[in-house]
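Colleague: Sequence:
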Amino acid sequence: MQNLIADFMNWFTATFAIFREPPLSALFVVFVSVTISSISNLAMKRFADMRTLKRHQKQIKEFQELQKKAEESQDEKMLKKLERKRGYIEKIQREMLSERCKPSLFFFIPFALFFAILRGFYSGPEGDLIVAVLPFSVHKVLPFLVGWIGFPTAAGFGMTFWGFYLLSGLGLSSILQRIMGTRVM
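For the sequence shown, our numbering puts the final residue at 193, and the numbers step up evenly by one.
Simulated from the structure, these hints should not be mistaken for laboratory data.
No residue lacks a Cβ here, since even glycine has one placed at the ideal position from N, Cα and C.
Any given hint could be a false lead.
Think about it this way: if two alpha-carbon atoms lie no more than 27 Å apart in a straight line, the pair counts; the simulated DSSO-like pairs of lysine-lysine are [unchecked claim]:
{"id": "1", "residue 1": "89", "residue 2": "62"}
{"id": "2", "residue 1": "88", "residue 2": "76"}
{"id": "3", "residue 1": "77", "residue 2": "99"}
{"id": "4", "residue 1": "66", "residue 2": "99"}
{"id": "5", "residue 1": "110", "residue 2": "85"}
Cβ pair distances, simulated, as ranges [as the list claims (entries may be wrong)]:
{"id": "6", "residue 1": "20", "residue 2": "70", "range": "48 to 54 Å"}
{"id": "7", "residue 1": "160", "residue 2": "119", "range": "49 to 55 Å"}
{"id": "8", "residue 1": "162", "residue 2": "113", "range": "44 to 50 Å"}
Generate the whole structure from the sequences, applying the supplied hints.
Modeller: Rendered as structure tokens:
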């Protein structure tokens with residue numbers, strides 16, 4: 009089994025070697041991020057009841073606004089009324105969490121395997137490889153990021169696979185959620 013995995017990783021590394029170094033590595037990671045986010049959003053549309061999620065989110069938002077107003081005005085009557093409604097709000101929050109997690113059940117193992125492959129692809133004998141270089145020195149302002157998501161380079165701050173994937177994924181997933189209609193908030 010070990011040989012099979014090693015052989016696959018050797019084939020993958022040889023086939024996609026052009027995508028191991030910047031700038032193509034950054035483009036490849038952005039492509040991976042968009043692809044995975046799109047698959048997740050399509051699964052959300054397919055397996056989750058988006059109408060119900062949006063309706064529940066609206067109810068939760070209204071409840072939170074009323075609660076804020078009642079607390080600011082110290083309206084005891086309104087606070088008691090909202091306290092009675094709190095159980096229902098907590099129930100629909102649990103339902104929303106359950107509904108949003110459904111698609112994750114289908115894709116957790118395939119995504120985990122895919123990320124394990126990419127983690128191996130963007131690692132070398134000396135450690136993690138740089139996939140993108142930010143043209144400024146982030147490490148001077150946020151020194152704790154060194155070694156966690158990247159390393160200082162002559163050109164700025166070099167980000168490793170995980171750091172750059174998180175950066176691009178967080179930015180792009182919100183945009184894709186809006187485009188695909190899976191944003192609930």
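Colleague: Does each hint hold? Answer for all of them.
Modeller: Do the hints match the structure? See the list:
1. 89 to 62: Holds, at roughly 23 Å.
2. 88 to 76: Between residue 88 and residue 76 the Cα gap is close to 13 Å, so the pair holds against 27 Å.
3. 77 to 99: Answer holds: residue 77 to residue 99 is near 22 Å, not above 27 Å.
4. 66 to 99: holds, 14 Å
5. 110 to 85: violated, 39 Å
6. 20 to 70: 48 to 54 Å: Because 50 Å falls inside the window, the suggested range holds.
7. 160 to 119: 49 to 55 Å: violated, 31 Å
8. 162 to 113: 44 to 50 Å: holds, 45 Å
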